[in-house]
Amino acid sequence: MRVTNKMLVTNSLSSLNRGLEQLEYLSGRLAAGKKLLVPSDDPIGTGNVLRMNRGLEETRQYAANTDYGIGMLTAADGALTDLTQILQRGRELAVYGANGTLPEDSLHALAKEVNELVDHAVQVANSTYAGSHIFGGQETTKPPYAMGDDGLDEDGHIAKVEYQGSLTSINIEVGPGSRLDINVPGSAVFQEAFEALIELRERLASGNTADISSGSIGKLDDAISEVLRFQAEVGAKSKRLEITKSRLEGLDINLQTLISKTEDIDVAEAIMQFKMQENAYRLALDTTARIIQPTLMDFLR
Numbered sequence: 691m692r693v694t695n696k697m698l699v700t701n702s703l704s705s706l707n708r709g710l711e712q713l714e715y716l717s718g719r720l721a722a723g724k725k726l727l728v729p730s731d732d733p734i735g736t737g738n739v740l741r742m743n744r745g746l747e748e749t750r751q752y753a754a755n756t757d758y759g760i761g762m763l764t765a766a767d768g769a770l771t772d773l774t775q776i777l778q779r780g781r782e783l784a785v786y787g788a789n790g791t792l793p794e795d796s797l798h799a800l801a802k803e804v805n806e807l808v809d810h811a812v813q814v815a816n817s818t819y820a821g822s823h824i825f826g827g828q829e830t831t832k833p834p835y836a837m838g839d840d841g842l843d844e845d846g847h848i849a850k851v852e853y854q855g856s857l858t859s860i861n862i863e864v865g866p867g868s869r870l871d872i873n874v875p876g877s878a879v880f881q882e883a884f885e886a887l888i889e890l891r892e893r894l895a896s897g898n899t900a901d902i903s904s905g906s907i908g909k910l911d912d913a914i915s916e917v918l919r920f921q922a923e924v925g926a927k928s929k930r931l932e933i934t935k936s937r938l939e940g941l942d943i944n945l946q947t948l949i950s951k952t953e954d955i956d957v958a959e960a961i962m963q964f965k966m967q968e969n970a971y972r973l974a975l976d977t978t979a980r981i982i983q984p985t986l987m988d989f990l991r
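Quick note on our numbering: the sequence shown kicks off at 691 and runs consecutively.
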């Protein structure tokens, strides 16, 4: 087979181009820090990385939901603690008022303090977290206990409290197919408390000490027990979310580690491969120069 100068040049340039392409590929991997630049580099590995990235996104969304749920439940727990203190103070006033020897002025003074407790309880029922009303069920944009003129007596005191929120709780997704309620409709928590406090105020104002002793104290005890029950549920849900958050954080780290092992390069190995290819390319350049350089004129001197 006759080998011409054109054939030598063509074959040499083709080999040099392949070496240069390999150098470009290796330098691109080094610059990106990734060994999977295109799916063809490793189709199976690329598919695994895509699945793990989807899993990582889902995990982080679940973690964000969990953080919001913990915040909502923590706010609810604080509000229920306030309500318990309000009811306990109301019970103390009921015990004082049940004493039949108190003068009328003292009973009116107790009634005024109970009225302040009612106002405070309404404020607690309208508590918010991150701009959302905690005890409005799924109706989070408006206060669940917005008081109008029709709810006031002739003295301007709250005489009737009606729930205006939703009866359905908000729930969040904390895992595949796993959801958890993170708020409590106010009608389930506050209604009994409002009724007990308003009734106590009216009996104190009217001097009806007998009914305070036989009825109001017991109703306040029942209301306190009910609030404590809901508070225990809130605490249990908060604990569950904290455990879930810890698990999700661990899963996030594991997924990141797996993704890194699959798509990130071994820098030391990549540099070694690049240097080897660079040396091979330089050697190819030198060899090509030696092959192509001589001509017939070089031997006719």
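Some hints here could point you the wrong way.
Listed next, the in silico DMTMM-like pairs over lysine to aspartate or glutamate satisfying Cα-Cα at most 25 Å (straight line) [to be verified]:
no., residue 1, residue 2
1, K850, D871
2, K951, D772
3, K832, E806
4, K951, E932
5, K909, D809
6, K935, E863
7, K965, E714
8, K802, D772
Read the hints as simulated data drawn from the structure, not as lab findings.
Evaluated hints:
A threshold of 25 Å between alpha carbons decides the hint, and for K850 with D871 the separation of about 29 Å lies outside it, so the pair is violated. Proximity of K951 to D772 is assessed by CA-CA distance (about 51 Å); at most 25 Å being required, the pair is judged violated. Between K832 and E806 the alpha-carbon distance is near 23 Å, which keeps this suggested pair within the 25 Å criterion. For the hint linking K951 to E932, the alpha-carbon distance of about 29 Å lies beyond 25 Å, and the restraint is violated.
Only pairs whose Cα atoms come within 25 Å are accepted, and K909 paired with D809 is accepted, the gap being roughly 19 Å. With a C-alpha separation of about 12 Å, the suggested pair K935 and E863 falls inside the 25 Å cut-off, and the hint holds. At roughly 12 Å between alpha-carbon atoms, K965 and E714 fall within 25 Å of each other, so this suggested pair holds. Between K802 and D772 the alpha-carbon distance is near 19 Å, which keeps this suggested pair within the 25 Å criterion.
When held up to the earlier numbered hints, the structure conflicts with 1, 2 and 4 and fits the remainder.
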